[in-house]
Each structure stands twice: as structure tokens, then as C-alpha cells.
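The listed protein sequences derive, respectively, from chains S and Y. So that you can map any letter, position 92 of the first sequence is 92 in UniProt numbering, and since no number is skipped, the others follow by simple counting. So that you can map any letter, position 41 of the second sequence is 41 in UniProt numbering, and since no number is skipped, the others follow by simple counting.
Note that these hints are calculated values from the structure, not bench results. This structure is a prediction, so every number in the text was calculated from the model and none was measured. Ideal Cβ placement from N, Cα and C applies to all residues, glycine included. Each hint should be verified, as a subset may be incorrect.
[Said to hold, decoys possible] Computed list of lysine-lysine pairs in BS3-like fashion (alpha-carbon distance at most 25 Å, straight line):
1) Y:Lys487 x S:Lys205
2) Y:Lys580 x S:Lys153
3) S:Lys205 x S:Lys230
4) S:Lys253 x S:Lys153
5) S:Lys230 x S:Lys253
6) Y:Lys473 x Y:Lys487
[Unchecked claim] From chain Y, some residues computed to sit far from chain S (all C-beta separations above 10 Å):
7) Gly27
8) Leu42
9) Ser153
10) Ala418
11) Ile588
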Amino acid sequence: MALWIVLALMTGAAALVAIAPLARRRAAADAGAGDGDVAVYRDQLDELGRDHARGLIGDRESEAARAEVARRLLAASAAQEAGAAQDSAAAVRRRRIAAAIALVVLPAVSLGVYGALGRPDVPDRPLAARLQAPVDRNNVADMVARVEAALEKNPDDGRGWSVVGPIYMRLGRYDDAAEAFAQAIRLLGPSGDREANLGEALVAKADGVVTDDARAALERAAASAPPSIKAAVYLARAAAQDGDRAGALNRLKPLYVQAPADSPYLEGLRDEFQRLAAPPALPMPSPEEAQVARTAEERMALVRGMVDRLGERLAADGGDVGEWLKLVRSRTALGDEAKAREALASARAKFAADPQAQTRLEALALGLGLEGRGA
Amino acid sequence: MIAEIGHYALVLALALALLQSVLPVWGARARDAALMGLASPLALGQFALVALSFAALTHAYVTSDFSLQNVIENSHSAKPLIYKISGVWGNHEGSLLLWVLILTLFGALVAAFGRNLPDRLKADVLGVQGMIGVAFLLFVLLTSNPFTRVDPSPLEGQDLNPLLQDPGLAIHPPLLYIGYVGFSMAFSFAVAALIEGKVDAAWARWVRPWTLMAWLFLTLGIAMGSYWAYYELGWGGFWFWDPVENASLMPWLSGTALLHSAVVMEKRDALKVWTILLALLTFALSLLGTFLVRSGVLTSVHAFAVDPARGVAILIILAVFVGGSLALYAIRAPALKQGGIFAPVSREGALVLNNLFLTAATAAVFVGTLYPLALEAATGEKISVGPPFFNNTFGPLMLPIMLVMPFAPLLAWKRGDATRAARGMVGAVGVAVLATVLVAGFVQGGPTLAALGVGLALFAIVGAFAEVMERTKLFRAPLAESFRRAKGLPSSSWGGAFAHAGMGVTLLGVVAATAWSSEVVLAMRPGEQIDFAGRQIAFQGVEQRPGPNYRTTAAELVVREGGVEVARLEPARRLYTARKMDLTESSIATFGVSQLYAAMGEARGDGKTALRISYKPLVTLIWLGSIVMAFGGLLSLADRRLRVGAPRKAARPSPAMQPAE
Chain S
1 MALWIVLALM TGAAALVAIA PLARRRAAAD AGAGDGDVAV YRDQLDELGR DHARGLIGDR
61 ESEAARAEVA RRLLAASAAQ EAGAAQDSAA AVRRRRIAAA IALVVLPAVS LGVYGALGRP
121 DVPDRPLAAR LQAPVDRNNV ADMVARVEAA LEKNPDDGRG WSVVGPIYMR LGRYDDAAEA
181 FAQAIRLLGP SGDREANLGE ALVAKADGVV TDDARAALER AAASAPPSIK AAVYLARAAA
241 QDGDRAGALN RLKPLYVQAP ADSPYLEGLR DEFQRLAAPP ALPMPSPEEA QVARTAEERM
301 ALVRGMVDRL GERLAADGGD VGEWLKLVRS RTALGDEAKA REALASARAK FAADPQAQTR
361 LEALALGLGL EGRGA
Chain Y
1 MIAEIGHYAL VLALALALLQ SVLPVWGARA RDAALMGLAS PLALGQFALV ALSFAALTHA
61 YVTSDFSLQN VIENSHSAKP LIYKISGVWG NHEGSLLLWV LILTLFGALV AAFGRNLPDR
121 LKADVLGVQG MIGVAFLLFV LLTSNPFTRV DPSPLEGQDL NPLLQDPGLA IHPPLLYIGY
181 VGFSMAFSFA VAALIEGKVD AAWARWVRPW TLMAWLFLTL GIAMGSYWAY YELGWGGFWF
241 WDPVENASLM PWLSGTALLH SAVVMEKRDA LKVWTILLAL LTFALSLLGT FLVRSGVLTS
301 VHAFAVDPAR GVAILIILAV FVGGSLALYA IRAPALKQGG IFAPVSREGA LVLNNLFLTA
361 ATAAVFVGTL YPLALEAATG EKISVGPPFF NNTFGPLMLP IMLVMPFAPL LAWKRGDATR
421 AARGMVGAVG VAVLATVLVA GFVQGGPTLA ALGVGLALFA IVGAFAEVME RTKLFRAPLA
481 ESFRRAKGLP SSSWGGAFAH AGMGVTLLGV VAATAWSSEV VLAMRPGEQI DFAGRQIAFQ
541 GVEQRPGPNY RTTAAELVVR EGGVEVARLE PARRLYTARK MDLTESSIAT FGVSQLYAAM
601 GEARGDGKTA LRISYKPLVT LIWLGSIVMA FGGLLSLADR RLRVGAPRKA ARPSPAMQPA
661 E
């Protein structure tokens, strides 16, 4: 609002500049054509006289110059006609038109051009004020810039580095994140969390591949007390990447078993187990079948029928481990825990000689909460 | 809010400029004092608004307000304050705002101090200034707006081009622009005279000081730019015939011609039509300079604005103003009354000769600069016109100017006496011949022509004071008498002498630095020492230093003469972190007027550091000469007397009288 008042005042002042001289009553004297010249020539004659008096020019030069200026003066005086008396009616009309032009051009141009180009909605943003203003928690870029500015001045602020690291991770600036966590470890000393964060950043930087650097950091984190769950999860993934499912399972299982019942990590660990088991997708009715089944109950019945048929077929001809994993998972999804355990027991018995299959089955059992924590 | 006030002030200034270009001119036609009276308040108001706008932009730079696109692109919060301020005009948008600011400042000066100008002339002049203002304000607002906002705003800027973070570049553009834009005054006066169809006596009285002032700033601006290129670009050259340098040299040459023909016009009322044409051409060349630099048609360090849309806009401005004024000239010039008459051998005659050669030199530079562009536009073929072309065209044209320059002030107005003038030159010729012989005989190396060059330069320097000597009767009258006469001399006589001598000083520097420079390029290990130009230079080692927005790697050299340390050189390379740009910082030690110049090369793997060391005798005279020239201009400007050329009474009627032009 203050801005608009200032702009309005400026426009007013500009209009005053353009209009006030028109309102002033002028002496009617017309600007004659030659009076300027005559004045200049008279000044020149005076100057010549002074120069001559000071001895700067000789008598003869002075005389010659005087003659010449006098000639010019005469010519100019002749040219100076008496200015025609102002036609006052026409003059008044002209001034009215001029004032009208000014009053139209000023606002039209200024509002038109400023309206098209101006950004009255954007306030000034001097840097110092922005850095001191209360933090806008929603503006991540702002916060990062503040912390960066602070770290630029004081690069030994370990807390700063550990704060900015996770934000870099969220922004996808993994290089910067890894650098920040490394600085935090250098300044604050190693800890499970910091090493795990560094490892995570290094993994993200390498597009999900656990590099040697990352592995070293993660191992340090996993060996710390208390052991870092995040590090264990990444190491488990690394093991799985290398084809060592059993090793991965062994890393995660103790954490799962020991975690308190209200631990926020349980959910994540279950997801890890499921990922490790890599079960095939749940059976879903085909679109045609779904068309027939209009209500939710009808659809459930349809799925239940499909799962029952899968169970019967596997009981009859054995099937492969993937199908068994699918069956166990489907039974659980349908809320039929007893049947799920039954299917799991049959599968374990059937694949007793296959450690890979055993690992996957155990991982799925853990992931679905069928085993492990005294379930 | 301040940024938006600045933006709005610029828009309002455009509105006032529109009114200023229409109402006073209409008033002058209708002979209406009230309408003509509008010119001054409008010009003052326009200046106030543009100054407000410029202040608002400067405020945004100083407070690092990164909500302005222009500030983001050319500033950085860690930059030193002086470069935050110079950054305002260190870029395309800001420099044009500075252009407009100076334009309106000159308009305001005419308004404030032009009380003794005839009303109609004043109204017309300010009207034409208003038109130039409209064109450039529109250009700034529509294609190069420094107040473009960015929302949301980043928290850091991209920094100013490191080449421009230099004290030289902080003052070079303002000096140059005052020169360029100063010629707009001569242009406006010329167009006003053409509109009116007559040249008032007040016309010449006003045009000469404006031209002189523009010329003096342009001289300093060009010298500053040349010195900057010398120490900043790192290879120690002082003039490259770069198109952008030529762009500033052309208005300087034609401005110099204008200055001299305006003298003829003021004193003798002659050469009117020619002076008007020169005024038009000089401003046209200033606009052309702006076009060349701003449009990006040239690829050089100056062309930091590469944007064809802007180029086309400037080309339109150029076409309208140059085409329009020349058309007006073609229609109205025949109506102008011819002025006084003079003999071929006279002060006027010598000044006509000066004009002839200066315009020819301007044409040579013009062709050399624009021919490659025209050829590329027409056929797509790329050629480059280099120093040999300019040395072979520009050089020979300047030679007669240097030869005739000392004579002219000794000639009387209207009809002069050549033998008498020649007698006054005996001393200067003697000094010149002596110097040539001494240099040719005793100085080793360098081309033989260089000795003649030194002779010519000394001839110009000594000859420049021949008129003063003559008028003070030095050596012919008692010293006290001479001193009294010297004090009584008008300062414009001294001004002319100094300006002409400055030319000679610059020439001396150019000749010496070109002919007798020596240079070594070598790779040195810390502790090594070389003998160079009569001195021992020891390389101490390389040091890393942090800077505000850069990191420096500096080589340390100690210069000794006969075992005594006389100077330290620290050539360096700077890495500007924000732009990841690597710059050479040369280091210079001055001995008298000669300089030792060192630059550091790329780092080498083998522990050695590449160094280039040159010795440039008398090199500073090049720039000192320009300062002497500008000082002469200042003296002349201080002389606010009215001038009338006093002719000598003819002993007998001269048969060779002829009309001017």
C-alpha cells in the first residue's frame, strides 16, 4: 500500500512539473529571432575592449575585429523583426491543449508501461535482512542457504554440517551430503548415526551401489554400540546384491528380534524382509472377472477362490518356491493366518534341502510377522 | 519497494521525455514562450527521475537484493563494496542506465545554465535531447530492463565477470560514456540549428565547451581503457585495434575535428555547414560505438551482451537518428548562411587541413572496423583486419597532422604569414633533428624509423609551445616581462599548447614502447635468477593467498640493481570461485616512466613456474600524454571569454581570398 502511495505522489509531482509552467503568467514578450545574437555580439565587443585594455591584442587587430563584430551586429539587428504580438486567444488554446496532452500522456504511459513490466507485489529482499528474518520452515532452499552462509563463515561448526547433511539428502544433493557428513564426523567424532548417514549418502551418490568407501563407513556404524539399524539394512542390501540372501537375513534377524515392540524400525525391517524374499505379485482377478464381481464381497470371494485353487494345485503337484511364497503371502493378505502358517510349514518341509528357498521363506515369514518376535 | 520505485521512476522519466520531445519544439514553431518554457522543468524532472532510478539500482546492488535478475547475474554477496557499486554499470542493462543518466544530466545542465541561450534554440535543443531520451529509455525498459524481478529469489548471485572486477573498469565506462553522450549535446545543437534554418552566434559559443568537455572525458576514457587492457589482459599490449577500441577512437577523431572547426566557427563565423555536419557525424559515430559494443556483433572482451534483439533495436535507433539528421541536413543546409572568408594560408586554413586529415583517419578506422562485418554479413566470409592495415592507413594520415600541428597556432586568423610562422618553429626543428641524430647514433636496436618517430614527437612537444613563446617574447624580452605576459595569456592558449604537446608525449611513448621493448618467456624454479634489462630478477617461489571472492596463486620476484633490491613483482593467477574463472594478474614496477612487466603462465607439473617478463621503455608516456591532453582541454574549458578572431590588417589586398566551405 505504501508503495502505491509513493508512486501516486511521484506521478503527481511529475504532472506538476509538466503543467505548472503552463499556468504561470508569462510576459507576453515573444522570443524574438535575433535578440540572442545581438546580446552575444554586444558581449563580444565588450570583451574586445577589455582585451585591448589589457594589451592582449594590438591596436590594429582590435580595430579590425571591432569592425567585423560590428558588421555581424548590424546584420543581426536588421534580422530582428519586431515579434508579432501574441495572439492571446490562440496562446491560451495552445496551452490548454498542451496541458491536456500532458495529463493524458503521463498517466497513460506510466501506468501502461509500469503495469506491463512492474512487479509491485515483489518486496525488496536485501540479503542481510533475509538472513536475519525468522526461518520459514517451508522454504527449504532458504534454510539451506542460511546454513551454507553460516558454514562459509565458520567451517568448523560440526553441528551445522550434521544439520545440513540430511537436508542435502532430501534435496538429492548426495555429493554435498556426503561431504557434510564427513565434516561432521571429522569435527564431532564418529558415531553410529553419523557413519551410517555417510554410508547412506555414499550409496545414494553411487546410484544405489554399495561402494568400498560406503561399505567401510557402514561396517563402522554396524559395529558401534548401539548398532545402527540403518547401516545393517544397507549392509543387508549389499549382501543381497552380491547374491548372499542368507548373510543378509542373518544381519537383519537379530535386530528384528531384539527391537522393542514399539520400535519405529519394525515396519521398515519387515519391508526389508519382504524385499529379500522377493515374492511374486499377489493373484488378482482379471479385468473381465472383475467386471462380473460388482461388490467388494464378490471380489473377495473371487480372489479367495483363486488362492484356494492355487493351494490345491501346489498340494497336488509340488510347484516351485515362487508359487509357495505367493501362496503364503496371499493367505496372509486375506487374513487367514492359520492357513498361511500351514502353507509355510508345508513349503519348508518340501524345500528342506534348498538353503536359498529356506532363506526366502524365512525372510517372508519374518516380513509378514508369522515368525520371529514370538508371533 | 525501493526497487519498484526505481522502476517506476524510469517509466515516468519516459513519459516526461515524450512530452519534452514534443511540446517545446511545438512551442518554438508557434513562438509560444509558455510552451518553450516547459523544456527546462521537464529536462530537470527527467534527470531527477533517472537519478532516482539509478540510486535505487545501486541500493539493490549494495544490499545484495537478489530479487533483481540484474543483481543475480552480476553480483555476489562476498564481493568488495566498490565492485558491488561498479557492478551497477559493469553490465549491459546497468551501463545503459548510466548512459541515460548522463544524457539527462546534460539536458538538466543546459536547462539550469542555459539562461542566456535564445529561447527557441534552447527549446529545440532540449526537444532533440528529449527524443534521444525517449529512444534510449524505451530501449532500456523494453529490451534491457535492470529492474526485472525474480520470485522466488535465490540467496546468492553469480558474481560479476572477474575481468571487470578492477578499479580501472570501475571508472572507464563512466568516463567513456560522458564522452559519448557529451557529443549528443553537439548533435542536439546541430539538429536545432537545422530545424531553425539558421546558426545563431550563441550556437558556436555553446557547442565548443560541450564538445571540449566530451572530448576531454573521451580522451581520459580511452586512455583508461587502454591502460586497463595493458595490465589486466596480461600480454602487455596497449592498443590492439580491437573493434571496440576503434569504436571509441572514431568519435574521438571526428570529435577532435569538430573541436577545431568549432573554434573557427566561434571566432570567425566560418565553416558553419561543415561544423554542423561534423557534429552530426560525431554523435553518429558515438551511437555506432554503442551499437558495436552492445549488440554483440563483435566477439571481444567487451561484448558481454550477446543478444540479437537488442542489436536490432540499437540499429533502429541508429538508423532513425543518423538517417533523420542527415536527411534534415540535406534539406536545410543550403539555407544556412555562409560565413566569413579566409586565405589558404591562415589559422582557418590550417584547421581545415587538420579536419581533412582527421576525417580521413576516421574513415580509415571506420573501413577497417566495419568492412569485415559487412563482408561477413554479405558473403559469410570471415576476415580479420589487423594492425598492419591500421598502421599503413592511420599512421601516414597522422603524420601530416603531427607536422602541421605546431604551425597552426602561429598563423594569424583570416590571412597568415607562412615564413613568419616557420621562423617561430626553428627551435622545435632543431630539437627534433638533434634528437633524431642522437637516437640513431647511440641507441642500439630497434627500427631506424623509430629515431625519426622520436624526432617527430619532440618536434610536436617543443613546437606546441612555440605560440606561447612567441606571445610571451621569451628570450627576446626580459624574463620578468615574459612572465607578466605569460600570466596575461588566455588560458585557452595554454590549453592548446598542452593538448598539442600531449599528442607528442603519447607519440613518444608509442614509438619507444613499440621499438625498444624487450621480453623473455621462461620457466623458473624457486631460487633461480636471471639478468634482464640491466637488472637481476630472482624468483623466490609461489604463494597461495585467499581473497574475498577468489583464491590467488602469486609468484614472488625480487628485482635488484647491482645487488640492491629496487622492486618486488608479484604476478599472479586468480581463480574466481563463483564463476570458476581463471585470471592473470600482471605485476608492474615503474622506473621513471619505463616499466617492468611480469605475468604468470599456467602452472607446470615439473615444479617450475612459467613467467613472462618484459621491459617497456617510456611506456607510461602513452597515458601520461593523454592526461596532458585532457589537462589542456581543461585549461581551454576554463577560459570562458567570448572569442573573436582578430585578423591582422592586410599589408596588401590578397588575391587568394576565397569563401569558406
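Here is what the structure says about each hint:
no.: 1; hint: Y:Lys487 x S:Lys205; result: violated (81 Å)
no.: 2; hint: Y:Lys580 x S:Lys153; result: holds (20 Å)
no.: 3; hint: S:Lys205 x S:Lys230; result: holds (17 Å)
no.: 4; hint: S:Lys253 x S:Lys153; result: violated (46 Å)
no.: 5; hint: S:Lys230 x S:Lys253; result: holds (14 Å)
no.: 6; hint: Y:Lys473 x Y:Lys487; result: holds (13 Å)
no.: 7; hint: Gly27; result: violated (8 Å)
no.: 8; hint: Leu42; result: violated (6 Å)
no.: 9; hint: Ser153; result: violated (5 Å)
no.: 10; hint: Ala418; result: holds (19 Å)
no.: 11; hint: Ile588; result: holds (33 Å)
Of the numbered hints given earlier, the model fails hints 1, 4, 7, 8, 9; all others are met.
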